[in-house]
Amino acid sequence: MLTYISRRLATGLLMLVALSMLVFALLRLAPGDPIDAYINPNVAMSQAEMDALRARLGFDQPLPIQYLAWLRAAVTGDLGFSIQRNGVEVLPLVLERIGPTILLMAAGLAIAIMAGIAAGIVSAVRRNSATDLGLSVAAFFGISSPAFLTAILGLYLFSVVLRWAPSGGMLTPGAPFTVGDLLAHLILPACLLSIGHAALIMRYMRASLLEVLNQDYVRTARAKGVKEFWVIIKHATRNALLPVVTLIGSTIGIAVGGAIFIESVFNWPGMGLLLVNAVDTRDYPVIMGATLIIGACVILVNILTDIVYAAIDPRIQVA
Amino acid sequence: MSAAAIQATVVRKGPIARALGRFALNRVALVGLIALVVIVAAVLTYPLWWSYAPNQIDLRALNKGPSASHWFGTDGVGRDVFARLMQGGRISLLVAVTSVAISTIIGFLVGAVSSFGGRVVDGAVMRLVDLAMTLPPVIFLLVLASIAGTGILPTILVISLLSWPVLSRMVRARLLELRERDFVIAARGMGAGMGHLLLRHGLPNCIDILVVYATLQIANAILLEAGLSFLGLGIAPPEASWGNMLNAARSTVVLEQYVWQWMFPGAALVITVLAINFVGDGLRDAFDPRSEL
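Same order as they appear, the protein sequences are chains S and C.
When you line the first sequence up against the working numbering, it's residues 1 to 319, in that order.
When you line the second sequence up against the working numbering, it's residues 1 to 293, in that order.
Hints were generated in silico from the structure; no laboratory data involved.
C-beta: ideal position from N, C-alpha, C; glycine also.
Possibly wrong hints are sitting among the right ones.
[Said to hold, decoys possible] To give an idea of the chain S side of the interface with chain C (calculated C-beta under 7 angstroms), a few residues: (1) 145; (2) 148; (3) 149; (4) 253; (5) 260; (6) 279; (7) 292; (8) 295; (9) 302.
[Unchecked claim] If you want the footprint, here are the derived chain S segments under chain C, 3+ residues with CB under 8 angstroms: (10) 23–29; (11) 155–162; (12) 261–271; (13) 284–291.
[Said to hold, decoys possible] Label-pair restraints from in silico Cβ distances: (14) S:163 - C:238: 28 to 38 angstroms; (15) S:71 - C:173: 47 to 57 angstroms; (16) C:109 - S:78: 48 to 58 angstroms.
Using the sequences provided together with the hints, build the complete structure.
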């Protein structure tokens, strides 16, 4: 188990390095001279001065050297300065946005897992019934509708027409912080974020449970006289959950994508909104920092799901 | 008819003909196909039968709701929403089809190089694909879009650069299996070059993967384009696209009071994507009868 974990961590680290190279290379391909970001447009600057500045910042070095210098700074937490936001440091800017995003994604994922698994069980147990058909059609719509569309539609329906939920932001501006206020702002975006994921989980859960329900040990349990409810919950569902766990891990990237759209529709002050605004204003240091941190989080979650999967499924050979 | 004759007619049908036969029996897929044909026909021919142009401004009809002359209403500068919807459909479909064509070619070539190129190349390419598959596609989309800028060509470029990794992995698996088959070994023994092996043996044997993948990927590409344009990073106004029409709903006034300006493009998007997904799923089931659940 220990070797398995350390090997997964090592590949994760390699992927992170590859990601940083990719992001660095992509952003150096971007149009414009990186030196422009450091020049005050109101002060005239001669070519010699610009060359001196270029040399001082290391932009005259070959790209691999520049990359190493950037990487050395990055691992010590120095991700540079924002070009657009009056030169604030990137790292604190990104860090203060992580909390809200994790809150939103955790809530959305929790709702998606509960709703998706419950719907999958109902669908599989009552297969080919009207309920099953209804849930499957709903899942098809859930998978086919993009996050930004469900976000707009949900915003319109629940906060404009029905006035059940506030229309954006994380807290009521000016009001003192209360958990109730936070929850009121959280519930709608989290539910909308969960739709696509719940649909995916439901489909997998249904397929996996249908397979398990045909196994011999399920028939044995029924023959022993175990109540149908317990057969489904204890014998079938527990085993059917295994592939669903991997699904949750491998689709976390899609959930991050959905969160970006939900955040920008609901003005949720998270990483997604930060990244979209940075892309809008071509604020490359922020784009780079945010991409790296998001990538690192996704890689970490993937490693964690692999480890959880190995821990709950004794059939997996971890050696 | 004698037994031998029946045998002969059964044998004469190739795998593709049989797959199309199975597809024709799939009612859901046929509904999707019909919807798709109607949408494509309407989008392509609309200038012939619709009296407004997408960028024609009618100053006496700003933000007017649906009526007999403007079926889907008008937007904030008096442009006809229906005409923009049709023009937007053209752009969305153009971007999606072109980028899928490019990414299918990239995916096939990468898969081919990976399976025929030896262990080192294979390992390096597949790790790259792993990386691309682990990371959130939307993040890459945003990073690429920040470099490429807005417009039709950059959007096509960004989407096609993003969509090939999954396909290349499927092609690689198929070609690895194919490489060991007798007819490929025979062709090699007779001195066939790489081009011949890939185009005469590899391509025809991957056609089912490519068709199914390309179909489903068109739906994905439409969603990616709409997402990018929705964030203001894809197709820029005044050019219409379903995504940048939906972008109008980010303004509270439009969201609350001019519902028709964003609800129709949203509906068009979902209907088109659903239709393509129905067709794609139908094709997948038709090509692989074992996948039936």
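Hints versus structure:
The criterion of a C-beta within 7 angstroms of any C-beta in chain C is met by residue 145 of chain S, whose closest approach is roughly 6 angstroms, and the hint holds. Satisfaction of the interface hint for residue 148 of chain S is found here, the shortest Cβ-Cβ separation to chain C being roughly 5 angstroms, below the 7 angstroms cut-off. Of the supplied interface hints, the one on residue 149 of chain S holds, with its beta-carbon coming within about 5 angstroms of a beta-carbon of chain C, less than 7 angstroms. The beta carbon of residue 253 of chain S is positioned within 7 angstroms of a beta carbon in chain C (closest approach about 4 angstroms), and the interface hint is therefore held.
Annotation: interface hint on residue 260 of chain S holds; nearest CB of chain C at approximately 5 angstroms, less than 7 angstroms. Taken as an interface hint, residue 279 of chain S checks out: its beta carbon lies about 4 angstroms from the nearest beta carbon of chain C, inside 7 angstroms. Interface restraint check for residue 292 of chain S: the shortest CB-CB distance to chain C comes to about 10 angstroms, outside 7 angstroms, so the restraint is violated. Taking 7 angstroms as the C-beta cut-off, the interface hint given for residue 295 of chain S holds, the closest approach to chain C being about 6 angstroms.
Given the 7 angstroms rule on beta carbons, the hint for residue 302 of chain S holds: about 6 angstroms separates it from the nearest Cβ of chain C. Counting residues of the region 23–29 of chain S whose CB lies closer than 8 angstroms to any CB of chain C gives 4, which reaches the minimum of 3, so the coverage claim holds. Here the region 155–162 of chain S counts 3 residues with a CB under 8 angstroms from a CB of chain C, which clears the bar of 3, and the coverage holds. Counting residues of the region 261–271 of chain S whose CB lies closer than 8 angstroms to any CB of chain C gives 3, so the stated coverage by that chain holds, three being the minimum.
Residues of the region 284–291 of chain S lying with their CB closer than 8 angstroms to a CB of chain C number 3, which satisfies the three-residue condition for coverage. At roughly 35 angstroms, the beta-carbon separation of residue 163 of chain S and residue 238 of chain C lies within the given 28 to 38 angstroms, and the hint holds. Checking the proposed 47 to 57 angstroms range against residue 71 of chain S and residue 173 of chain C shows it is violated: the Cβ atoms sit about 35 angstroms from each other. For the hinted restraint 48 to 58 angstroms between residue 109 of chain C and residue 78 of chain S, the CB-CB distance of approximately 40 angstroms leaves it violated.
In the structure shown, a violation is registered for the earlier hints numbered 7, 15, 16, in ascending order.
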